[in-house]
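Chain Y is fixed; fit chain X onto it per the hints.
2 protein chains.
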Amino acid sequence: MAINRRQFFTFSAAGLGGAALFGARQAHAATTSGMPVLKAPEPPAELHIGCQQMLVPGKSFAERYDFLEANGYDRIEINGGNWEWLAKNVDEMAAAIKNRNLRFSVTCISARGNAGMADPTERRAVIDTTKSILESAAKLGATGVITVPARKKIDLPFPELRERYLKEILPEILAHAEKLGVCLIMEPLNRNETMFLRLVADAAAIARDANSPAIGVLGDFWHMTAEETNDMGAFISAGAYLKHVHIASRKTRKIPGVDSEADNYVLGFKGLKLIGYRGAISIEAGYPKGVSDDQKRKLLAQAAALMREQWAQA
Amino acid sequence: MAINRRQFFTFSAAGLGGAALFGARQAHAATTSGMPVLKAPEPPAELHIGCQQMLVPGKSFAERYDFLEANGYDRIEINGGNWEWLAKNVDEMAAAIKNRNLRFSVTCISARGNAGMADPTERRAVIDTTKSILESAAKLGATGVITVPARKKIDLPFPELRERYLKEILPEILAHAEKLGVCLIMEPLNRNETMFLRLVADAAAIARDANSPAIGVLGDFWHMTAEETNDMGAFISAGAYLKHVHIASRKTRKIPGVDSEADNYVLGFKGLKLIGYRGAISIEAGYPKGVSDDQKRKLLAQAAALMREQWAQA
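Going down the list, the protein sequences come from chains Y and X.
Reminder that position 115 of the first sequence reads as 114 in numbering that gives the first Met the number 0, one-by-one numbering, no gaps.
Reminder that position 117 of the second sequence reads as 116 in numbering that gives the first Met the number 0, one-by-one numbering, no gaps.
One chain only, chain Y, in its complex shape:
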């Protein structure tokens, strides 16, 4: 649609004939106002740059962590397999991170099952395997465990799914998470992956309803590019529930910077500063086809620099 907002209202006034008289009249009771009073959050926001570990070229966890530590990263996102793979690899990861200026942010590890299905064994599997992931995350000192409430395949009506998720799935998982001191972090996806939970504000509303100190939400710039009207508004709605941020290039979901000027995160970073965010901003993305390991390392180093630069601008 080529008509912008200002043109539309000019057009409206012209098209209304006599009625436009009302619109043109000045209102006596109006008060014109500039910026609102906004307070800096206490404590202030901190930038922590992270990356999914398996994105980093390397033969071992230690080799991958070496690179991140040397290139402006201080948070590692745990990925690489399912809940069983994670349990098997916890000790090796814990050993590899020792004596480094790095810490684990969250796990991005698939549970089994599907909370969106009427079949109770599907929902039971989500609870059991998520609890296992939480235990591994606790052993690694991670902040939390990413979870996706539902994807495309859903046979429960949405209102029933929401109700069951809150009353049947979350309580048992969150009781376990509270004991372990680890958060369960719900990730909204874009419409190609789910219609159930697409907006950060909606995840925050579920988090509030769940009423547990162990619940949190994730904002993923990739999904937000498709779904949110305003990155700053989304992060403000998440507020203290925001425990993790994913970042990728905004056109093709590659390493930030690959899509050049489209990869602007400044408005979102303003929101993170406003809420005093101190979690990780962590890369979950792919590489352009056929790049070498050396090129991958260069892209990761540039991405960290880009985030730092845009954080300063925000």
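Do not rely on the hints blindly, as some may be mistaken.
Any copy, or any two copies together, can satisfy a pair, since identical chains are not distinguished.
The list that follows gives simulated cross-link-like pairs (lysine-lysine, DSSO-like), each with its CA atoms no further than 30 Å apart [to be verified]:
(1) K58 with K152
(2) K38 with K250
(3) K166 with K250
(4) K151 with K166
(5) K38 with K269
(6) K152 with K166
The hints are simulated quantities; they were obtained by calculation from the structure and are not laboratory data.
Frame of chain Y, contents of chain X only:
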């Protein structure tokens, strides 16, 4: 849950044993940041206080408008009946508002039909009666027409309803609205009235997808009290799509001020200032039981003063 966020993380560190070592380590790459850079919107926000006309005691439109004009209001919200009632009363309302420092904001008038039903005659009725309301609104020089996409009674699956709403319902209504120079304004409700559209950010996402200069969204403080985690975040997500705001007391949906200190709108008003909002903030609410017309007038005058005071604080 009595544990607050800070206590939770203290507890986490204590409970993790060896793993807590990772958490306690200082991150070398962190940048601590205060407030973001935010620009004042241009043009700046304006406060326009409105009220549904039938809330005002009076025997005629003119008598109701007299009161509003004399008591700090400059916007009238059109309510009082269905689309047929509206068409019949347009001339009388237009005559009553002449030569006043008042203008019509929006209509709050029920259409017939139900967009959430599989029966196509239900969806057809929504389109036809909404177009009639748009025509009346245009004659009155109103900004827009409030619509509720779906309420409790829905037999379409939610993803199909959203798709049909965007592809089948909105295009014909919006083409008509564009010709008339009037906006169609979608109102999210709270969960007791619908599960389909509850969040301002979700309405804004539909508005963006609809891609028309004649689409807008409404933020109603009453529904927002139940559904939003942050009034400011919600309004920022609405941005330029925000065309109308409803206001009521925040515990019992009465005239603002009736619920005393619960009736705080300052955070939301900050959001309105940030987006340069110039639409109406309009009362849609009830009265406490048994109040006289004199008491009603007093409550309305006090509500306008309360809004003005909190706007100044925001």
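Structure versus earlier hints, numbers of those that do not hold, lowest first: When the structure is compared with the hints, only number 1 turns out to be violated.
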